[in-house]
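**Student:** Residues per chain, in single letters:
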Amino acid sequence: QKEVEQNSGPLSVPEGAIASLNCTYSDRGSQSFFWYRQYSGKSPELIMFIYSNGDKEDGRFTAQLNKASQYVSLLIRDSQPSDSATYLCAVATGNQFYFGTGTSLTVIP
Amino acid sequence: EAQVTQNPRYLITVTGKKLTVTCSQNMNHEYMSWYRQDPGLGLRQIYYSMNVEVTDKGDVPEGYKVSRKEKRNFPLILESPSPNQTSLYFCASSLTEFYEQYFGPGTRLTVT
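Chains as they are written, first to last, in the working numbering: chain A, 1 to 109; chain B, 1001 to 1112.
Hints may contain errors.
Unchecked claim - The calculated lysine-lysine pairs, modelled on DSSO-like cross-linking and capped at a C-alpha distance of 30 Å, are: (1) Lys1018(B) - Lys42(A); (2) Lys1018(B) - Lys1065(B); (3) Lys1065(B) - Lys42(A); (4) Lys42(A) - Lys1071(B); (5) Lys1017(B) - Lys1069(B); (6) Lys67(A) - Lys56(A); (7) Lys67(A) - Lys1057(B).
Think of the hints as simulated: they come from the structure by calculation, not from any bench.
This is chain B alone, in the form it adopts within the complex:
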């Protein structure tokens, strides 16, 4: 089954404790990206990757890191999480930057 998977689905952590949210797709897509979704602000792109070893900042990259060492995986790293990073996070992938994105199930992160 073609899909984007994310783990964990729910995470409660404390300020400053490094965490990684994994994302994997099995569709051989070139383009992958991370979004956060907040009430009233909609989906905002954090980082995106157009191919292996190629990553770029989206609109809200501060406090996040990503890497793309393999085509299928695109982890999101929060080196020192803060409460303002409490949000619903989605990973997505698409064939290229022109085509529809397929979303993972989401990760609800709470930072206390």
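Isolated chain A (complex conformation):
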């Protein structure tokens, strides 16, 4: 079983809609959870960092963490074409970081 699993997509949403991205992880001892955005050929850039149960909002982005169900999600409100990218879920477990394979998002103008 993979440490971190994401739907690979692709996910397409119209401009202005809400995009919902999901991630599950296998280790209940995982401590910190991250969402990164990666454009093709570029390095991952951090969008959100969450470590306690509940919601965390930053502008158009909301991360939700449910440790009991071992999932973390990312909502993107008012999606823009510039949000089109691959979104990576990452989990800090022990001393290591584990990444999902990413969900490709396309925002259609």
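We have chain A; now place chain B onto it with these hints.
**Tutor:** Just chain B, lined up with the frame of chain A:
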């Protein structure tokens, strides 16, 4: 400017020719790590370091070496590269193992 730098950005080499990819960060971060990214497999951790002189294997360490003699530098060494090490490599650093990682620009390596 706070950043992680890697060199070279692109490298084409031949099987068996030793190479080093350098990584440096200017954020005084304790934790540094190397990843490789392959289509369909995502980012996989090769090695990580929690502090100077402390390094540990990640999920895919075979064929790689690292060292951490100074806090800011964390080079990745391929003693005898093989074609299956053709990949996109990222160096990253973070304050500790619990905090967000900041990534370098990547090194695209091709081994023929």
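**Student:** Flag every earlier hint the structure violates by its number, smallest first.
**Tutor:** No numbers; nothing is violated.
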